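Trainee: Sequence:
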Amino acid sequence: MQRQLKEYASYLYLEQGLSENTREAYCRDVRQFAEYVEKEDKTLESITLDDLHQYSFVLTDLGISARSLGRIHSSLRSFFRFLVLQKYIETDPTELLESPKKTKRLPEVLTIEEINAIQASIDLSQPEGHRDRAIIEMLYSCGLRVSELCNLKISDLFLREDFIRVRGKGNKERLVPISATAKRELEFWFAERQQLSPKAGEEDYVFISHRRCQHLSRITVFHNIKRYAEAAGINKNISPHTFRHSFATHLLEGGANLRAIQQMLGHENITTTEIYTHIDRNYLRQQLIEHFPQFS
Numbered sequence: 391m392q393r394q395l396k397e398y399a400s401y402l403y404l405e406q407g408l409s410e411n412t413r414e415a416y417c418r419d420v421r422q423f424a425e426y427v428e429k430e431d432k433t434l435e436s437i438t439l440d441d442l443h444q445y446s447f448v449l450t451d452l453g454i455s456a457r458s459l460g461r462i463h464s465s466l467r468s469f470f471r472f473l474v475l476q477k478y479i480e481t482d483p484t485e486l487l488e489s490p491k492k493t494k495r496l497p498e499v500l501t502i503e504e505i506n507a508i509q510a511s512i513d514l515s516q517p518e519g520h521r522d523r524a525i526i527e528m529l530y531s532c533g534l535r536v537s538e539l540c541n542l543k544i545s546d547l548f549l550r551e552d553f554i555r556v557r558g559k560g561n562k563e564r565l566v567p568i569s570a571t572a573k574r575e576l577e578f579w580f581a582e583r584q585q586l587s588p589k590a591g592e593e594d595y596v597f598i599s600h601r602r603c604q605h606l607s608r609i610t611v612f613h614n615i616k617r618y619a620e621a622a623g624i625n626k627n628i629s630p631h632t633f634r635h636s637f638a639t640h641l642l643e644g645g646a647n648l649r650a651i652q653q654m655l656g657h658e659n660i661t662t663t664e665i666y667t668h669i670d671r672n673y674l675r676q677q678l679i680e681h682f683p684q685f686s
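To convert, count from 1 in the sequence shown and add 390; that's this note's numbering.
None of these hints come from the bench; they were simulated from the model.
Predicted model only: the values in this text are computed from it and were never measured.
All C-beta atoms in this analysis are idealised placements derived from N, C-alpha and C, irrespective of residue type, glycine included.
Take these hints with a grain of salt, some might be off.
Pair by pair, the computed Cβ-Cβ distance ranges are [said to hold, decoys possible]:
#: 1; residue 1: 412; residue 2: 513; range: 39 to 47 Å
#: 2; residue 1: 564; residue 2: 403; range: 34 to 42 Å
#: 3; residue 1: 424; residue 2: 517; range: 42 to 50 Å
#: 4; residue 1: 506; residue 2: 411; range: 40 to 48 Å
Below 25 Å or equal to it, Euclidean Cα-Cα: the simulated SDA-like pairs (lysine to any residue) are [said to hold, decoys possible]:
#: 5; residue 1: 562; residue 2: 586
#: 6; residue 1: 559; residue 2: 422
#: 7; residue 1: 562; residue 2: 652
#: 8; residue 1: 429; residue 2: 627
#: 9; residue 1: 589; residue 2: 603
#: 10; residue 1: 543; residue 2: 514
Please take these sequences and the hints and turn them into a complete structure.
Mentor: Here you go:
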C-alpha cells in the first residue's frame, strides 16, 4: 500500500495541479484511511461501500465534524479514482458514497460501573496495559477529545498543581484539573515509558506506541477502546468521545454548573454544552421508569 500512496502523491502533484495545501490534506486523509484498513486486516482491493460507511461512523465517533468528513470523502473519491485509473482495482467503491448530512443525536453515555469494567478488562501484564488504563482515565476524568489526548505533551502536565494544559480546537489552550486517580495511572505508565526510546521529535508526547515509538493516532486509540469494551461485555456503541460525554453527564448529574462544564470541555459556545442537559433529562426519565414503571 505504501507504493500506491507514493504514486498517488505524485499523481496529485504532476497531473491534478492541486494547491500544496490541498495535496497535503488529501494525502493525510488517505494515509489515515490506510492505517484504518491495515488495522481492520483488509486490502484496498476488498474495500466496499459498507467499509467506507463504517469508516465514516468511526470518524464521526472520533468527533470529526460533518464538514471535515465531507473533505475526507473527497480525498477518498480522488484516491480510489486513481486506483481504478492505474488498474490497481477494477471498481470504485466511492461511486455511491454520499456526502454527510449534519445530524444531531444524543451521544452514548457510560455508567461509572461500565467504565470500571472496561478498565478492569485491560491486561496489565501486556506492554501497553498501563498506558491504555491511563488513556481511559484521562479521557474520562479530564473530559479530553481524542485528538487532545494524542497531542498531549509531558510539558503540558503540571501534576504538583493538579492540572494539565490542553490544546483544543483552533489551538486554543485551557487548563483542566486532573484527578488523583489519573495522576496515579500516569505514574504507572511513565515507569513503563522509561523503557522506550521515542523517535526524534516524539520525546515530549505523553502517550507513545511501543512498536513505532511515536505518539498514538486517533484510530489506534479508537480500536483499542473498542477491543476493551467488547472484552468487558459492554454492548453500547463506544468510542473515545464516549468517555468525554460521560464525564460531562456525570458532572451535570452531580450538580456542576453548566458554565464550568463548558470551560472544562473547551466548548466555544455554551449551546454545544447544553446537549448534556437533554442527556440528563433522559437519564432521569430512565430512572423514573425503572423504579416507577407505572409512569412509563
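Trainee: Hints broken by the structure, by number, lowest first?
Mentor: Numbers 3 and 5, in rising order.
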